[in-house]
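Novice: Protein chains in written order, with the working numbering: chain X, 1 to 317; chain H, 1 to 247; chain U, 1 to 368.
Quick caveat, the hints were computed from the structure, so don't treat them as lab data. Some clues are possibly wrong.
[Stated by the list, open to error] Dumping the calculated BS3-like pairs for lysine-lysine here, alpha-carbon to alpha-carbon at most 27 Å:
| id | chain 1 | residue 1 | chain 2 | residue 2 |
| --- | --- | --- | --- | --- |
| 1 | U | K2 | X | K162 |
| 2 | U | K199 | X | K20 |
| 3 | U | K140 | U | K66 |
| 4 | X | K162 | U | K9 |
| 5 | X | K88 | U | K364 |
| 6 | X | K84 | U | K361 |
| 7 | X | K138 | U | K19 |
| 8 | U | K199 | X | K81 |
| 9 | X | K89 | U | K213 |
| 10 | X | K25 | U | K199 |
| 11 | U | K9 | X | K128 |
| 12 | U | K71 | U | K334 |
| 13 | H | K78 | H | K111 |
| 14 | X | K89 | U | K199 |
| 15 | U | K66 | U | K56 |
| 16 | U | K199 | X | K138 |
| 17 | X | K20 | U | K197 |
| 18 | X | K84 | U | K2 |
These numbers come from a predicted model, not from an experiment.
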Amino acid sequence: MAKYNSNNMSAVIVENIIKKYRVEKTEVTALKGVSFEVAKGELFGIVGPDGAGKTSLFRVLTTLLLAESGNATIEGHDVVKDYKIIRKKLGYMPGRFSLYQDLTVEENLTFFATIFNTSIEENYDLIKDIYQQIEPFKDRRAGKLSGGMKQKLALCCALIHKPSVLLLDEPTTGVDAVSRKEFWDMLQRLKLQGITILVSTPYMDEASMCDRVALLQEGKILAIDKPAQINQQFQDPLWAVQASNMYALLKVMKQWEAVASCYSFGEYYHVVMKSENAGASAINEYLVERQFQEIEVKKIDANIEDSFMALMNTAHE
Amino acid sequence: MNKENVIVVNGLTKSFGDFVAVDHISFEVSKGEIFGFLGANGAGKTTAMRMLCGLSTPTSGKAMVAGFDVFREAEKIKQNIGYMSQKFSLYEDLTIKENIQFYGGIYGLTKKQIQEKTDYLVAHLHLQNHQNSLVKSLPLGWKQKLAFSVAIVHDPAIVFLDEPTGGVDPVTRREFWELIYDASERGITVFVTTHYMDEAEYCHRVSIMVDGRIEALDTPKGLKKTYDSVSMDEVFLKLARKAVRGE
Amino acid sequence: MKQFFAFIKKEFFHIWRDKRTLFILLGMPITQIIIFGFALTNEVKNSKMAILDLSKDASSKQLIQKMSIGKYFDATSVLYNYQEVEPIFKKGKIKMVLIIPQQFANDLQHGNQAHIQLICDGSDPNVANTLSTYATAIIKDFQSQLVKEQKLPYRIETDIRMLYNPELKGAYSFVPGVMALILMLTCAMMTSIAIVKEKEMGTMEIILVSPLKPFGVVIAKAIPYMLLSMVNVITILLLSVYVLDVPIRGNLILLLSEGLLFTITSLALGLLISSITDSQQVAMLISLMGLFLPTTVFSGYMFPIENMPIPLQVMSNMVPAKWFYFIVKTIMIKGLGFQYVWKETCILIGMTVVLFGLSIKNFKTRLS
Chain X
1 MAKYNSNNMS
11 AVIVENIIKK
21 YRVEKTEVTA
31 LKGVSFEVAK
41 GELFGIVGPD
51 GAGKTSLFRV
61 LTTLLLAESG
71 NATIEGHDVV
81 KDYKIIRKKL
91 GYMPGRFSLY
101 QDLTVEENLT
111 FFATIFNTSI
121 EENYDLIKDI
131 YQQIEPFKDR
141 RAGKLSGGMK
151 QKLALCCALI
161 HKPSVLLLDE
171 PTTGVDAVSR
181 KEFWDMLQRL
191 KLQGITILVS
201 TPYMDEASMC
211 DRVALLQEGK
221 ILAIDKPAQI
231 NQQFQDPLWA
241 VQASNMYALL
251 KVMKQWEAVA
261 SCYSFGEYYH
271 VVMKSENAGA
281 SAINEYLVER
291 QFQEIEVKKI
301 DANIEDSFMA
311 LMNTAHE
Chain H
1 MNKENVIVVN
11 GLTKSFGDFV
21 AVDHISFEVS
31 KGEIFGFLGA
41 NGAGKTTAMR
51 MLCGLSTPTS
61 GKAMVAGFDV
71 FREAEKIKQN
81 IGYMSQKFSL
91 YEDLTIKENI
101 QFYGGIYGLT
111 KKQIQEKTDY
121 LVAHLHLQNH
131 QNSLVKSLPL
141 GWKQKLAFSV
151 AIVHDPAIVF
161 LDEPTGGVDP
171 VTRREFWELI
181 YDASERGITV
191 FVTTHYMDEA
201 EYCHRVSIMV
211 DGRIEALDTP
221 KGLKKTYDSV
231 SMDEVFLKLA
241 RKAVRGE
Chain U
1 MKQFFAFIKK
11 EFFHIWRDKR
21 TLFILLGMPI
31 TQIIIFGFAL
41 TNEVKNSKMA
51 ILDLSKDASS
61 KQLIQKMSIG
71 KYFDATSVLY
81 NYQEVEPIFK
91 KGKIKMVLII
101 PQQFANDLQH
111 GNQAHIQLIC
121 DGSDPNVANT
131 LSTYATAIIK
141 DFQSQLVKEQ
151 KLPYRIETDI
161 RMLYNPELKG
171 AYSFVPGVMA
181 LILMLTCAMM
191 TSIAIVKEKE
201 MGTMEIILVS
211 PLKPFGVVIA
221 KAIPYMLLSM
231 VNVITILLLS
241 VYVLDVPIRG
251 NLILLLSEGL
261 LFTITSLALG
271 LLISSITDSQ
281 QVAMLISLMG
291 LFLPTTVFSG
301 YMFPIENMPI
311 PLQVMSNMVP
321 AKWFYFIVKT
331 IMIKGLGFQY
341 VWKETCILIG
351 MTVVLFGLSI
361 KNFKTRLS
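Please put together the full structure from these sequences, using the hints given.
Specialist: See below:
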C-alpha cells in the first residue's frame with residue numbers, strides 16, 4: 001500500500017523489463033532491462049529506430065506479451081496479474097493502423113465502441129475534434145482512406161471508450177509531414193483532457209513535441225528527460241559546416257583526424273572536433289586550404305538527433 | 001558540365017475514371033542528379049513513379065526515361081533502371097550472397113561480373129562475416145543499404161528509391177545517403193521520395209507534388225528563398241497545406 | 001451480450017462484402033452436387049453397340065430389341081461377319097459388340113445351351129465392366145421371360161436386386177459425401193482463415209486488449225460460418241431431392257441435427273487450426289491437406305474403406321467425416337432412425353468435445 005501511494009503520481013511504471021524472443025534458432029533480446037515512469041497526464045515519447053524494441057515494450061505494457069523479467073504497472077495494476085483490469089482502462093493503437101479495411105469509417109467506430117461497452121454518442125465530445133475531420137467520409141471503407149485519415153480513424157477507435165492511458169505505437173510512421181503535424185496537435189489537445197499518453201516514433205524531430213522522452217536503441221534506454229534537457233547534456237561544441245561541394249566536403253571531413261564526428265543535417269554538416277581548441281577558425285582554415293568555396297562555419301546547439309547519435313556512439317564504445 | 005537529361009517528362013497525365021491522379025506534370029532530370037520527389041500521401045507520387053518505371057501506361061503526355069519512351073518501350077526502361085522501396089527490397093529467406101547473385105542474374109550479368117560485384121559489395125558494406133547469413137537476420141539499416149546496392153548492381157542509368165530510409169536509425173540513415181552520393185558521383189541518377197524533410201535538403205533539386213500537380217521545383221536553397229522559409233519542412237508544410245483533394 | 005452481437009454483425013459485414021468468397025462458398029455445394037451427381041456417376045448410358053447377328057431368327061431379334069430399348073445401349077451398327085469386329089472397335093465409337101451365334105432360337109427352344117458372346121472395349125476397364133454387367137443382367141432378364149412363357153419347371157433364376165438403391169443411382173452415395181466435404185470446407189477452413197486474418201491485420205491486438213472475452217471472440221467469428229454451413233446443408237438436400245431425384249427417406253429433423261453436430265465438429269477443428277497458425281496461407285494449407293484430403297479419401301464415399309490396408313482402415317476412424325458420412329447415409333438413404341446411428345453420433349460428440357478442449361487450451365489471451 002505504501003508503495004502504491006508513493007507512486008500515486010505515476011500512471012505507468014516500468015521496472016527493469018527484459019524481453020527475449022527467438023528468430024529461427026537465435027535468441028534476440030528485444031528489451032535489455034528497460035525502466036522508466038510516466039506521470040499522470042504526461043505526454044511521454046519513446047523515440048528510436050525500427051528494431052529498437054518499441055513495439056515489444058508496448059506489447060508488454062498492453063498485456064499482450066509477457067516479459068522474461070521485470071515489472072510494469074499501469075495506474076497501479078500489474079500487467080501480468082491484473083491484465084483484465086488494464087485492458088478496460090487502456091486505449092491502444094498498434095503500429096500499422098489496425099482497422100477493418102472492409103468496414104466503413106462509421107462501422108469501424110461503432111464496432112469498437114460496442115466491444116468496449118459504450119457508444120459513439122456517449123464519448124463523442126472526446127473524439128469530436130478528430131472525428132469531424134473524417135466525418136465527411138464516414139461511409140467510405142477504411143481500406144480506401146489515405147494514411148493520414150486512417151491514422152485519425154485509428155485514434156478515434158482507440159479513444160472511444162475514454163481510456164485513462166493511451167498507448168500509441170508509431171502512429172506517424174509512413175504518414176506525410178502535414179498529417180504528422182496535425183496528429184501531434186491532436187495529441188496536445190488530448191493531453192489537456194488529462195489523458196496519459198505514451199507514444200513511440202522513429203522520427204527524431206517529433207521528440208520535441210513530448211513532455212519527456214526516452215531514447216531507445218537496441219533494447220536499451222540511452223536517456224530519459226525533457227527534450228531540451230537531453231540536448232543540454234550534449235557537452236562538446238557543435239559546428240554547422242557548409243560549402244559549395246557538399247559531398248567532397250563530407251569526404252574531406254571524414255578523413256580529417258581532428259574531427260570526432262561529422263553527420264549531415266539538412267543543408268549543413270554537424271561537426272564535433274576532438275579538441276575543444278579547434279574551433280570555427282580552424283575548420284575554416286582547413287577548408288580554405290583545400291580550395292573549398294562558399295564556406296560557412298557556425299556554432300549551433302545540439303538537437304535531439306545530434307544527442308541521439310552521440311549517445312548511440314557512447315553506448316557502442 | 002554536360003547537362004544530359006535522362007528523364008524528360010512533358011504533360012504526363014494519369015487518370016482513373018474521373019479522378020486525375022497525375023495532372024500534366026513536366027520536368028527534366030539530368031544525369032547523376034539526386035532528384036527529390038516529395039508530396040503528401042495521395043498527392044500522386046506513387047502513380048507518377050510507376051509510370052516512369054514502365055509499370056503503368058500514362059493516359060496522355062510524353063515521357064522519356066533513360067532514352068526510352070514510356071508508352072512504347074516500357075520493357076527497355078525496366079532493363080535500364082533500378083528500383084528499391086521500403087516495403088519490397090530483398091528476399092528475407094535468402095542469404096546476402098544469394099540475393100546479390102539473384103538480382104545480378106535477372107539483370108543479365110555474366111557469372112564473372114556477378115562474382116566481382118558480390119566481392120565488391122560485401123567488402124564495401126563490411127559484410128564479410130555475414131555473406132552467408134539470411135537477410136532477415138540483418139538489422140534494418142544494413143538491409144536497406146544492401147538493398148540499395150543490389151538495386152544498382154547492374155549500373156542502371158537511373159535508380160528509383162521509394163521512401164528508402166523509413167524507420168532506419170539516424171546514423172545508418174546518413175550512411176545510406178553517402179551511398180546515394182557515391183552512386184550519383186558515378187553518374188547514376190537518383191530519383192527519391194522521402195518523408196524526412198532534412199533528407200530533402202540533401203537532394204540537388206526537389207519537386208513537391210500537390211493534388212497531382214508539381215507545385216514547386218527548384219534547388220532546396222531556391223525553394224526556401226521563394227517560399228521565405230528556413231527549412232524544407234516549412235516549405236513543404238506551406239505547399240502541402242494548399243491541398244484540397246479529399247485524400 | 002451486446003458486444004457479442006456487435007461482433008457477429010461485423011463478421012457478417014466481412015462475409016457479405018467479400019462477394020467473391022461468398023459466391024464460392026454458396027456456389028460450391030451446387031457445383032459439387034452437379035459435378036458428382038451427373039458427370040462423375042458410375043452409370044454408363046447410351047453406349048454405342050454393334051450387333052453381329054448370325055442367327056437372324058425371332059429370338060435373336062427379340063433379344064436385340066430388348067437390349068436397345070433400355071437407356072444403356074444404342075445399337076448403332078450392324079455387322080455381317082467376324083472380320084468386321086476388330087475394325088469397328090478400332091474406329092473407337094463402339095463400346096461393345098453383341099454376337100449371337102447361328103441357330104440361336106433353335107438352341108434355346110430345344111433346351112440346349114445357347115451361347116452369346118459380348119466383346120467389350122477393355123481399354124477402359126471400368127466402362128467395360130459396367131457394360132458387361134448391364135448386358136448380362138438384360139440377357140438374364142430375357143432368359144427368365146422366355147422361361148416364364150414356356151412354363152418350364154426346375155429352372156433356377158438369379159435375382160439380383162439392389163437394396164436401398166434399386167436403380168443403382170451413383171448420386172446416392174455422393175450426396176452424404178459432398179455434404180461432409182462442403183461442411184468441412186466452409187466451417188473449418190473459413191473459420192480458421194477468418195481468425196488468422198485478424199491476427200495478420202493486427203486487429204487481434206486491439207480485440208485482445210478490449211474487455212471482450214477472447215473465447216467469445218472466437219465463437220462470434222464462428223457463428224456466421226455455422227449459419228452459412230446450414231444454408232449449404234439445405235441447398236444440398238434440396239438439390240439432391242429435386243435435381244438428382246435422391247429422396248430423403250429418414251427423419252429430416254434428425255438429419256439436420258446431425259448436420260449441425262458435424263458443423264460444430266468442423267468448427268472446433270477450424271478453431272484448433274487457427275490457434276496454431278499465424279498466417280492465412282498456412283491456415284489454408286493445413287485445412288486443405290489436413291481436412292480436405294482425409295475427408296475425400298477416408299470418409300468412404302469415393303474409395304471403399306473395406307478395401308484399404310488395415311493401418312489405413314484404423315486411421316480412417318479418426319476422420320470425423322467418416323462417421324458423418326455413415327450417419328447421413330443411414331438416415332437419408334436407408335431411412336433408418338436414431339437407434340441405428342447413436343453410436344456414431346456419440347463418437348462425433350466425443351471428437352467435438354476433445355477438439356474444443358484442445359483449442360481452448362491452445363487459445364492465447366496474449367500474443368505469444
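Novice: Which hints, by number, does the structure contradict?
Specialist: When the structure is compared with the hints, none of them turns out to be violated.
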